[in-house]
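Visitor: Residue strings, one per chain:
Protein chains: 2
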Amino acid sequence: MTHGDIRITRLPIVSTWPVVDDGNFAVKAFVTEVLEFGATATREGHDQLAAELVLESPSGEETRSRMFPGSPGMDQFFVKQQVSEMGIWKYRVTTWDDKFATWHHTAVIKLAAGIDQSLVMLEGQQLANELLAAAGAKDKKILKAVIACLGDENETPLQKFESSIALGFAQAANNSPLRPLASSSKPVRILCERKLSGSGSWYEFFPRSEGATKDKKGLWTSGTFKTATKSLTRVKDMGFEVLYLPPIHPIGEAHRKGPNNTLVAQGDDPGSPWAIGSSAGGHDTIHPDLGSEKDFANFVKSANKLGIEIAMDFALQASPDHPWVKSNPQWFAKRADGSIAYAENPPKKYQDIFPIFFDEDPEGLVEEVLGILTKWIGLGVKIFRVDNPHTKPVSFWQEVIEKINEQHPEVIFLAEAFTRPAMMHALAKAGFQQSYTYFTWRNSKNELAEYFRELSQDSADFFRPNLWVNTPDILSEYIQFGGRPAFKIRATIAATAGSSWGMYAGFELYEAVARPGAEENIDNEKFEYKKRDFLAAEKSGASLAPRISLLNKLRAEHPCLGQLRNLLVHESADAAVLVYSKHLEAEFNQGVPDTIIVVVNTDPTSTRETTVTIDLRALGLPEEFQVKDLVTGKIYQWGAQNYVKLDSFEEPAHIFEVMQ
Amino acid sequence: MTHGDIRITRLPIVSTWPVVDDGNFAVKAFVTEVLEFGATATREGHDQLAAELVLESPSGEETRSRMFPGSPGMDQFFVKQQVSEMGIWKYRVTTWDDKFATWHHTAVIKLAAGIDQSLVMLEGQQLANELLAAAGAKDKKILKAVIACLGDENETPLQKFESSIALGFAQAANNSPLRPLASSSKPVRILCERKLSGSGSWYEFFPRSEGATKDKKGLWTSGTFKTATKSLTRVKDMGFEVLYLPPIHPIGEAHRKGPNNTLVAQGDDPGSPWAIGSSAGGHDTIHPDLGSEKDFANFVKSANKLGIEIAMDFALQASPDHPWVKSNPQWFAKRADGSIAYAENPPKKYQDIFPIFFDEDPEGLVEEVLGILTKWIGLGVKIFRVDNPHTKPVSFWQEVIEKINEQHPEVIFLAEAFTRPAMMHALAKAGFQQSYTYFTWRNSKNELAEYFRELSQDSADFFRPNLWVNTPDILSEYIQFGGRPAFKIRATIAATAGSSWGMYAGFELYEAVARPGAEENIDNEKFEYKKRDFLAAEKSGASLAPRISLLNKLRAEHPCLGQLRNLLVHESADAAVLVYSKHLEAEFNQGVPDTIIVVVNTDPTSTRETTVTIDLRALGLPEEFQVKDLVTGKIYQWGAQNYVKLDSFEEPAHIFEVMQ
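Protein chains in written order, with our numbering: chain A, 1 to 660; chain B, 1 to 660.
Read the hints as simulated data drawn from the structure, not as lab findings.
Do not rely on the hints blindly, as some may be mistaken.
Treat identical chains as interchangeable: a pair holds within one or across any two.
As a list, the in silico EDC-like pairs of lysine to aspartate or glutamate whose alpha-carbon atoms are at most 20 Å apart [unchecked claim]:
{"no.": "1", "residue 1": "Lys138", "residue 2": "Glu454"}
{"no.": "2", "residue 1": "Lys226", "residue 2": "Glu624"}
{"no.": "3", "residue 1": "Lys645", "residue 2": "Glu657"}
{"no.": "4", "residue 1": "Lys530", "residue 2": "Asp337"}
{"no.": "5", "residue 1": "Lys110", "residue 2": "Glu344"}
{"no.": "6", "residue 1": "Lys195", "residue 2": "Asp647"}
{"no.": "7", "residue 1": "Lys530", "residue 2": "Asp473"}
Note that the structure is a prediction, hence the values are computed from the model and not measured.
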């Protein structure tokens, strides 16, 4: 075959979506996610085409849904469906010659023009007769009545036609299993993972800081899993679903970093948790200061009882003191002078970290990593936040994630890759359930609008974003210099636009001071203990915690906010006022549509007045409707064009619920 | 495997292009076409990546070309190559760990920072030693010299490094067959067809009009292939390469159409050539008025001698008098009343045409069609212009074209499908070598710029456009009402922007009057004979033929104009002034770049003055260069920004050659 390997079907189905790389990778979805399925399907001539989505669940149940035509001339068909079961779903699109629609279309025109009237009646009878053969009992009755009615000599052709429709001819035809010229697209797989893989709220704290104490001489005692357990209610009160812990393993002493990333640590400086491994053990060991494995297991259980899952860091690198350095030297690269290569980004050197060398003993490494992960899974961890996955081979992650998920399909891997788009996307396709994003560096209205389109549409079939407002590594200029309104704006956007969002402790206290020359907090918790008085701050009104609680409460109450692909940006006339909606159709929300419209002033230092234009058709809204601001409780009459005024110093955002 | 069927390679190659539907269809190319090959390829960490295109010709010759990185951060690599042989080409992209580039990058930074200097020398020696193993004799010598030089104790590290580069370390490394971590993309097929499949100039005339005579009583004598042979020099003088003939078969008498598409023909009205078939025969027969098969074969030979190929119309439909109606009634649909269905688009009826019904005897039809096409191929026809292919199943065309091309790879099918994009694209993927386009209805600057981007970039891998300025069915409003400048503008754009372009006889005579209510010529040649005095028109200056000759001469002289994918739209400050270039790199044109820049006033009723901005980088041009207007012969000094003034009444376009 010179032109192509595939045979074009009798009715060509040109493409279907969602699809990732023509089906080389499964489309990603999570439990409760609503997907819009589409197809470009065409046919010769003027006759009508019917298109149907055939969706097969992991347990083998097949559902068929008729697809609706899109814009005229585009040959596109659409229907939405919700996935509700973990595992591999499959879908295909079938099309067939829609004889009823063709007849109906022709009949309307010809009866209006007064031509071929008796022929039209005959054709209708012929079609009803054809359908009769395979029709169910109810439809048989209808079709017989249609045949009689079209032959009724006492009525005009138009009356006969209208009566046949009133009898239910259309429905009987659509129910028919006769699908002339039936053509099918090739099946596409959808990997449906659990809800938290794509939808959840995350909090990060360093357990060693939670309950850490400093004595009068200035000497610190580390917090432990026991003391950190007390902090779980704080996390719960803010409504978070996942608590992510930086590495909890022994920390190396060689080249240990001191406060503020200084090269020499002092006596009781605890070191960076990412410099993993000491004589006490490596990745499979708990730092002695934090407690025992049992303490950890109890901590996980306590969290789970509160509805919080624990996410563990997985940083595949070693301090020079890591047991691997002696036991498995083949996992480290040698330099030309025979020494072990430390991490560097010339001319910068990171002598406290040995990167892993993957190309001498790849199988051994995979086996070791599977062992480590399996151990923590056994202790109740079902989420791993992977540190810098883009410095390790993508193929390594594909193998590790696949093997873990084969045994533990509930396990979620979050990629901490802030790097080039091709690499971030490759990691997502390799299996990472979700990914950090550029969100912290997208702050203007246009940047956000464009980025949200990318995340919710262009890449949503394989890349699931988690919108973090800060991390121990990232304190963006926007929050360094935007004052308290900046914190409120960012949390509001992350929690309502992101199906997953995250926050690192201290954000709620408006910690905004960076280490000079760096884009991260001064006196960074990565290198020292940190004692914060969350309660006092809240009492004095110096905490964002109440707002965060509200945001997570709204997420719990409004399932539309937990969806990834339903983000729609609307127009505003102001260069700083961002408007977007999240909408869940009634059929996926127990019969009631769930619609949130967020209007936010992205400029933390101004008041903005403008007009926002809502795409009513996309949201299925009438010309007039009521919205309730879930921050203030105020109710407004809204329509396509609406006036808003937002003073960032007072309240930078409306979070509107569309009232039903 | 839960996540995907494909294993990600050690160095991930995310995508390669050109590609059509992930390789389900071969990429289309034509002999002489230059393709830009690209890949998105990434890797972990900071080490450098090398990428190479491996291109295999139909005869099995493999060439490797190093690819060049694109914009920073995009992980993209590019290289252009020209295809020169008909048949299936294959390409893949291989990447590997570019140890030399990594060493070079590190060395430059570390030597500048004064760190690890002796280590850098050692690493260089180690790398040169590794390369030595597989190096050729010449490179071995270089590498040994590099090793010695890097160890030279009399020089500073920087001197040693620079000497090693001067010795040719880079080239020796790039020549190495050692490709650590080598990864390959999957092979993609390119179907390279002959040049006319994508690049050529077409003319259309009705042979019955060429030499037709009218006696004193007003009775016509049809032109014949013999008389039409005399018109070939006219076609040749205008520089056309293909002459397309409307159907030359017997014409039905039942419901024959009269002049101006009237329903009743008079005695000697010749009827529409598309109402094929009479008692004299069908698609395998020549209309008796036109001559014998031998006359036709001679006509084809005469044309070929002049360098003109004959394209035959293939309209798969029948008049009610077609022999098939009796011999093969299964090829026609019956209506409910038992009569044969004629063509209709309710409420319009086309009772002179019976469409073909494909679903009762598809194999029989394919066999018949293959027989007909093979017969005409035997008589010298290598191009078929297929009438309304979109009213026949796409799968039917896939089979027919594939089977014909298996035996006759030189045969070209042109799809006359003016319909929805999905169908036009499906037909192209099914195998049609080229397609009519919406060009006649794209007349404003912005419409043209957008459409050219689509044709030369978005769809060029499978859809090859032929830009017709008119047809017997299309006399656009633009030329109906734009006066002579409109004709000049459209011919200029079609011939210089289109790798293929076409013109129907009469255009050169500025025939602009439409039948009222229709978008086609009045007194249309489809329904009557037409006698035109081309010579007299040219003598009196009332012919566009000299301009057309110039345009086709420029096409012959400038190979850049025959390329499809090299069209680039540049900016102009005026809403009507369209600017585009066609550029062929020196390496694909015997060492001399070939660049044409067209500036055209698309408003036929005004004079425009504006500034045009040329993308110098894309054309490889310096800040200043000379251009020669190939219409007027005038030479201008040009640069990035240029003043132009175009008076459409006088001369609406500059066709600039960039002088070398």
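Visitor: None of the hints should be skipped; say for each whether it holds.
Guide: Here is how each hint holds up against the structure:
no., hint, in the structure
1, Lys138 - Glu454, "neither (48 Å within a copy, 51 Å between copies)"
2, Lys226 - Glu624, "neither (55 Å within a copy, 75 Å between copies)"
3, Lys645 - Glu657, "within (18 Å within a copy, 57 Å between copies)"
4, Lys530 - Asp337, "neither (41 Å within a copy, 90 Å between copies)"
5, Lys110 - Glu344, "between (78 Å within a copy, 11 Å between copies)"
6, Lys195 - Asp647, "neither (36 Å within a copy, 65 Å between copies)"
7, Lys530 - Asp473, "within (15 Å within a copy, 80 Å between copies)"
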